[in-house]
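Asker: Those protein sequences? They're chains A and B, same order as listed. Residues 1 to 352 in my numbering are what the first sequence spells out, letter by letter. Residues 1001 to 1558 in my numbering are what the second sequence spells out, letter by letter.
Simulated from the structure, these hints should not be mistaken for laboratory data. If you're wondering where the values come from, they're calculated on a predicted model, not measured in any experiment. We put the CB at the ideal spot given by N, CA and C, even for glycine. It is possible that part of the hints are untrue.
Heads up, incomplete: computed chain A residues facing chain B, CB under 8 angstroms, no partners named [unchecked claim]: (1) 10; (2) 12; (3) 101.
With the C-beta cut set under 10 angstroms, the calculated list includes, among others, these residues of chain A facing chain B [said to hold, decoys possible]: (4) 100; (5) 137; (6) 217; (7) 246; (8) 247; (9) 323.
In silico lysine to aspartate or glutamate, EDC-like type, Cα no more than 20 angstroms apart, as pairs [what the hints assert, rightly or not]: (10) B:1369 / A:12; (11) B:1369 / A:130; (12) B:1022 / A:340; (13) B:1022 / A:7; (14) B:1022 / A:339; (15) B:1398 / B:1431; (16) B:1266 / B:1352; (17) B:1369 / A:132; (18) B:1022 / A:96; (19) B:1398 / B:1352; (20) B:1369 / A:131; (21) B:1369 / B:1272; (22) B:1398 / B:1479; (23) B:1291 / B:1374; (24) B:1291 / B:1272; (25) B:1291 / B:1431; (26) B:1022 / B:1431; (27) B:1369 / B:1310; (28) B:1022 / A:12; (29) B:1022 / A:14.
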Amino acid sequence: MTFHTVDLLTRDGERLSFPCAEDQSVVEAAAAADLFLPVVCREGGCGACHATAESGDYELGPHSEAALSVADAARRAILLCRTYPRGPLALSAPFDRARILTQAIRPRHAVVSERTQIGARTVRLRLTLEDEGEGAAAEFEAGQYMELEIPDEAGDGARARRAYSLANTANWDGTLEFLIRLHPQGRFSEYLEGRAAVGDRLRVHGPLGGFTLRENGLRPRWFVAGGTGLAPMLSMLRRMAEYQDPQPARLYFGVNRAEELFALDELGALSDALPGGFALIPCVWQADADWSGVVGTPADALRADLAVLRGDAPDLYVCGPPALIAAVEQAARDRGVPDDRLHSERFLPGLR
Amino acid sequence: MFCYQCEQTTRLPTGDGCASAKGLCGKDATTADLQDLLVHAVKGIAQQARRARALGVPDNDAGAFMLHALFTTLTNVNFNPTRFVTLLHEAAAVRDRVAARCEAALAANPDVAQNIPNATGPAIEWTPAADLTGLLAQAAIVPVNADLARVGADIVGLRALILYGMKGVAAYANHAAVLGCTRDAVFAGVEETMAYLASDPTDMAELLDRALSVGRLNLQVMEMLDAANTGRFGTPHPTAVRVTPVAGKAILVSGHDLGDLEALLKQTAGTDINVYTHGEMLPAHGYPTLKAYPHLVGNYGGAWQDQQTDFANFPGPILMTSNCIIEPGPRYRQRIFTTGPVGWPGVRHLTDHAFAPLIAAANALPGFKADEAEQTVTVGFGGDAVLGVAGAVVDAVKAGDIRHFFLIGGCDGAAAGRNYYSDFATGAPDDTVVLTLGCAKYRFNRHEFGSIGGIPRLLDIGQCNDSYSAIRIASALAEAFGCGVNDLPLSLVVSWFEQKAAAVLLTLLALGIRNIRLGPTLPAFLTPTLLAVLVERFGIQPITTAPDDIAAALNRAA
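Kindly produce the complete structure, drawing on both the sequences and the hints.
Answerer: In structure tokens form, the structure reads like this:
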């Protein structure tokens, strides 16, 4: 088997090097070198492991067009889990070195402590981590996610996983909070709608992911969320409030219909808790006559506000389906917001 | 960014200094540039504060702000750009407040004005830009090497030597200030020196004199810090410190701030939580007031550069009280807390000894499950402890039982060449005594040195903060032998890493101490010309190999 060297440059300037066989993905080869990259589906389906090939030849394995478009692939954007080297490869990653683990995370168990319907198709799920000898603390960074195993009918045994962003902040009580959109035929949705009950025991993996806050002085932070893409934003905003971060913040929160809005009380509470100020801009795409707020997508609202912005361009955080992310990226580029101020995490139905 | 303030700075044939997107310490260019701008802002405060003092309205609150602000700019202290943006705005407000005091004093007594010049210059005129882009544009014109093309590397290097020495002075003075110990003379010295730097001086002889005056100022500060520590916590006594864990919930305290440690010990008294020291906090165990807490159970881990491993393996939360922090790894990023001048982006910062989150973390985390076999090291040979046996020491020297003393002190670090210091300590002949302070000791403090006539061959004087004790010991020995310090059978082997060590080095030079061995490499800001001056005036020498340097020291003494 032919091996090639992969040089990976992280967002904060660290260079990592490891060998990669031609039939190994970059993610697999990194793991073989005890470098666990922030990935989600590992199947080319979610787009969470976006990176850029700076030089070198490679082959892209099968992947979803929504996760990596033809146009992006033509610009040498890659998915780390679907990239196979054909020569020495230099890559740049959109996450910091600290997001790469040097040992695999052991699975833990957690118990369902709350399951509440909070929107037309959204459930709040709270789990409590068990103390399995290593303490019960929930240690993660705002914006990260966990993978939850779907219990089988017997309550355990199945190994299919779904990744969901955490909506709360790190805590010492072991609480994990998720905002989960219910999808027809979704396996975890079926569990949540049919069988889930307080006291259920789940296996969880994490925390994972590199979609976290960037500390850039007092530059404003603008968040754009589509549907349950709100979860990591809520986590980040709550962490900002907890740490009393001084950056001005605003959130564009988009849903299809007004009745799908959720977590408005929690978001409202942030106004008083964030020292730099907080603006909540709910956006409804298919609004009825009673809706008095922004009509359209959050990307539309963002574009309008960027057009009249004076002063420093904000850091933009966006989480939602690929179309939303593409629209936000375009709006940011049209306004001249530098690429390094745009931080995104995309999710696709069935994978989140 | 351009930064060459620490020992590990980038060294290239094309020129020394970190000048890329990220320094070797892990500091990004934005943070480094904002720190340069904060130093500029502090110069402006110093100019106004010096004027206020001359007008009879000194503002020691401004002085305290300067100490804290400069402390945040030391290597491995604060990496959080957000914090620096806030500090910059605070700095401008402090400067303007002091300026207003000056104006009020002048209005009350206009005749005084004739003798006291106005404060002028860029640091007085500066106002912080409204946004980050603007601040970085301002920072671009005030780096430490801004004047290089005009004045040359020697002048820039001397200014840097003074600035970095002042950063060390500020750090030590801040340690004393948080224990409630300040002195007008120290504030005046800080104001005077930083205002001098604001004048962009170019006279080499004057700059050299100023560098030595920084050393003298630091001697005052070290004495003040010694008084603050011993006044609050008692006189250190030789104490065996456990360096293996005991079962139970656990908190690890690193850095230098003994006041933070004491506050945490009070807040955890009567709980099931054990407190461990790490790194430069090890000497805390020698202080009577601190070791009286039974749950201060031991020391965990090694010197600062081992923290990413030590902290990841520690089964409880960590409190970092001062330098030296390096990037927290993902395994402990959520359970490390900073306080005081320290900061890291995304790491929770605690103020005013509000340690409840730290204690909650300790209760949630597993702690140590079992005792490990007990091992100890001995600390607490501060000035009084050694001077208490000075008679025996002098007798041992006169009897020929002790041939020589080596003071091996300073910082540890990750560079491979630092094994010189362990080779030196363990290779010192059996009829010699090794005194040590700072964190370099971790390279050899578990070695079995034995004793000479009941006097341990390894005497741990304390933190780098305890340099005053070493100076007292040397001075007392010189007095006992009726000679100067340079005539004692004593060699100083200094391991430097950052700016506290720069301040101590200037103090040693100001005291006229010669023939110091300095390593593992020489400061990048010392040009060949400056080094030649230091060699000529003070006999400073770079380290070579441990056996050769031991032999040279013993030959010189003979």
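Asker: Is residue 1369 (chain B) close enough to residue 12 (chain A), meaning Cα to Cα at most 20 angstroms?
Answerer: 37 angstroms, violated
Asker: Quick check on the hint: residue 10 (chain A) CB to chain B CB, less than 8 angstroms?
Answerer: Violated. Min distance 10 angstroms.
Asker: Measure nothing beyond the straight line between the CA atoms of residue 1266 (chain B) and residue 1352 (chain B); if it is 20 angstroms or shorter, mark the hint as holding.
Answerer: It holds: about 14 angstroms lies between the C-alpha atoms, which stays within 20 angstroms.
Asker: Under the criterion that the straight-line Cα-Cα distance not exceed 20 angstroms, is the pair residue 1369 (chain B), residue 132 (chain A) satisfied?
Answerer: Holds: residue 1369 (chain B) and residue 132 (chain A) sit about 13 angstroms apart, inside 20 angstroms.
Asker: Does residue 1352 (chain B) sit within 20 angstroms of residue 1398 (chain B), going by the straight-line distance between their CA atoms?
Answerer: 52 angstroms, violated
Asker: Holds or violated: are the alpha carbons of residue 1369 (chain B) and residue 131 (chain A) at most 20 angstroms from each other?
Answerer: 14 angstroms, holds
Asker: Quickly compare the C-alpha distance for residue 1369 (chain B) and residue 130 (chain A) to 20 angstroms and report which way the hint goes.
Answerer: 17 angstroms, holds
Asker: Quickly compare the C-alpha distance for residue 1022 (chain B) and residue 96 (chain A) to 20 angstroms and report which way the hint goes.
Answerer: 13 angstroms, holds
Asker: For residue 1291 (chain B) and residue 1272 (chain B), compute the direct alpha-carbon distance and say whether it is at most 20 angstroms.
Answerer: 17 angstroms, holds
Asker: Is residue 1022 (chain B) close enough to residue 339 (chain A), meaning Cα to Cα at most 20 angstroms?
Answerer: 19 angstroms, holds
Asker: Verify the proposed pairing of residue 1022 (chain B) with residue 12 (chain A), using a straight-line Cα cut of 20 angstroms.
Answerer: Given pair residue 1022 (chain B), residue 12 (chain A) holds - Cα atoms ~8 angstroms apart, limit 20 angstroms.
Asker: Let's test the interface hint: is any C-beta of chain B closer than 8 angstroms to that of residue 101 (chain A)?
Answerer: 6 angstroms, holds
Of the numbered hints stated above, those contradicted by the structure are hints 1, 9, 10, 19, 25, 26, listed in ascending order.
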